[in-house]
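Using UniProt numbering, read the sequence shown as starting at 1 and increasing by one per residue.
No lab work stands behind these hints, which were simulated from the structure alone. Hints are supplied without guarantee of correctness; some may be wrong.
Simulated crosslink set (SDA-like; lysine to any residue; CA at most 25 Å straight-line) [what the hints assert, rightly or not]:
1) K320 <-> Q432
2) K114 <-> S49
3) K180 <-> K320
4) K471 <-> Q432
5) K155 <-> A127
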Amino acid sequence: MRISHITFLSFSVILLLFLTTTYINYKQSELINTNSEEFARSSTIIRHSNRFQRNFLNMVSGLRGYLLTNEPFFIQTYDSAIIENEDILHDLGELVRPGSDQRILLDEIHGLHKYWVTEFAMPLLEAKRSVGLSDSSKFAFNALYRQKVVDGLEKDIQRSLQQKFSQFSNVEYGFRDSRKVQIEESVRSTSNISFYLTGISIIVGIAIAMFISKYISTRILRMVKMANSIAAGNYEVTTQEGGNNELNQLAHALNEMARILNANISLLRRQRDELDQFAHIASHDIKTPLRGIDNVVTWIEEDHSIDLPDRVKEYLLLIKGRIKRAESLLKGILDYARIGKERPTKELVDTAELLGEIYEYVPKRQGIDLRVQPRMPIILTERVPLLQVFTNLISNAFKHHDKPVGMVKVYCKTYEDHYKFFVEDDGPGIDQNYHEKIFHIFQTLQEKDSFESTGIGLAIIKKILDEREMKIELTSESGNGSIFSFTWPKYELHAKSNQYTFN
Numbered sequence: 001m002r003i004s005h006i007t008f009l010s011f012s013v014i015l016l017l018f019l020t021t022t023y024i025n026y027k028q029s030e031l032i033n034t035n036s037e038e039f040a041r042s043s044t045i046i047r048h049s050n051r052f053q054r055n056f057l058n059m060v061s062g063l064r065g066y067l068l069t070n071e072p073f074f075i076q077t078y079d080s081a082i083i084e085n086e087d088i089l090h091d092l093g094e095l096v097r098p099g100s101d102q103r104i105l106l107d108e109i110h111g112l113h114k115y116w117v118t119e120f121a122m123p124l125l126e127a128k129r130s131v132g133l134s135d136s137s138k139f140a141f142n143a144l145y146r147q148k149v150v151d152g153l154e155k156d157i158q159r160s161l162q163q164k165f166s167q168f169s170n171v172e173y174g175f176r177d178s179r180k181v182q183i184e185e186s187v188r189s190t191s192n193i194s195f196y197l198t199g200i201s202i203i204v205g206i207a208i209a210m211f212i213s214k215y216i217s218t219r220i221l222r223m224v225k226m227a228n229s230i231a232a233g234n235y236e237v238t239t240q241e242g243g244n245n246e247l248n249q250l251a252h253a254l255n256e257m258a259r260i261l262n263a264n265i266s267l268l269r270r271q272r273d274e275l276d277q278f279a280h281i282a283s284h285d286i287k288t289p290l291r292g293i294d295n296v297v298t299w300i301e302e303d304h305s306i307d308l309p310d311r312v313k314e315y316l317l318l319i320k321g322r323i324k325r326a327e328s329l330l331k332g333i334l335d336y337a338r339i340g341k342e343r344p345t346k347e348l349v350d351t352a353e354l355l356g357e358i359y360e361y362v363p364k365r366q367g368i369d370l371r372v373q374p375r376m377p378i379i380l381t382e383r384v385p386l387l388q389v390f391t392n393l394i395s396n397a398f399k400h401h402d403k404p405v406g407m408v409k410v411y412c413k414t415y416e417d418h419y420k421f422f423v424e425d426d427g428p429g430i431d432q433n434y435h436e437k438i439f440h441i442f443q444t445l446q447e448k449d450s451f452e453s454t455g456i457g458l459a460i461i462k463k464i465l466d467e468r469e470m471k472i473e474l475t476s477e478s479g480n481g482s483i484f485s486f487t488w489p490k491y492e493l494h495a496k497s498n499q500y501t502f503n
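Taking the hints into account, I'd like the entire structure generated from these sequences.
Printed below as a string of structure tokens:
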């Protein structure tokens, strides 16, 4: 399965879990809203019921007060209470569901209330209003009052209303309490469900992330290991990956790259070996006729030196100089080709003594001295490459010096992980336009016919330092001398305090 498919499927599972959590929370919130609405409806019904009972008591007391005292205040209380109760009964009719037991009770209450008003309250009020000054009207009212009040019917109606309202209110209290319990249960269950589903989603998400990261990182680490092996020079390494996902394609690409690199490196090695062999053979084949020419010139000089004109003697010296330069060129080419191929062997190298040896065999100039700073380091390093670098720099400093008296200085600065050596002279200097050019092979600042130089020395130095990831720099201006500085890996054991001056 492709990694993109695995990732998509994993995120789909996590998304499905969160969608499930959201849906369940939504349904639970709907249930809570329903229970809350029912709770509010029951609370409103109870509140209306209590107001109705209070108003009914006000109606009874207002009616009796008016009948006994004939004060308008009492009839106003009665009128306001009856009007409000009509509104309450209307509101309760909308709140209580049709067909329910509560609706039946409400209809009975409504009937009793209507019966009390029409059969008891209204006749007494009309009789009271009809009472005049005659004794007969008073007698009629008193007779009606005794009939309505004394016979106990009015009390039975009141008692029945109170019982039914009590029953009605108790049922609504029960409804409200049950809705309250349901709301609390819904809130609790919603919290629990949300907590568990969220926890499950997080656990599943972490598990999927760990699986994907392990699945991908393990295979990537194998490919990184393979890439490191290739970088270390092992081009025959391969990695085995099954399937057809992106990492498998990358693994196949790495295997193909390693195969191509191995083939190319093998080809380069064969070509290098063939080139080395050709260089040695060509060097030998070229040196042989050069030596023959040199011998012939030497014989001519020895046997006919007296008879030869001065012009011919100059030509013979020129020929010998060209032969010497050709031999130096061949040696330089072979040295340049061998750089980096020798097996490195580290040894203790006293740089001060090394510079003394170099001074013994480099061509010297009368009046030009070599001075080495005190405390030159003793290094655990490869002797021959360091010898080649110093030899070429010091030899060039002596060879190209243009003054009768001068100084070549060698000194060193120590850094954390390397040394920086300096070879400074007070010779003619080098124009800045040539600071890069002189490190290219076969490049010289003077015509080769006017100065015996191969143009390989600085190229050899550059290649030796490049092999070690070190660098060489030139600080110089025409007419102001030159300072060549190069870095060298640091494996110092101890330092010496001697100062050497060679002249």
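Results for each hint:
This hinted pair does not check out: K320 and Q432 have alpha carbons roughly 34 Å apart, beyond 25 Å. The straight-line distance between the Cα atoms of K114 and S49 is roughly 16 Å, inside the 25 Å bound, and the hint therefore holds. Under the criterion of a C-alpha separation no larger than 25 Å, the hint pairing K180 with K320 is inconsistent with the structure, at around 120 Å. The straight-line distance between the Cα atoms of K471 and Q432 is roughly 18 Å, inside the 25 Å bound, and the hint therefore holds.
With a C-alpha separation of about 20 Å, the suggested pairing of K155 with A127 holds against the 25 Å cut-off.
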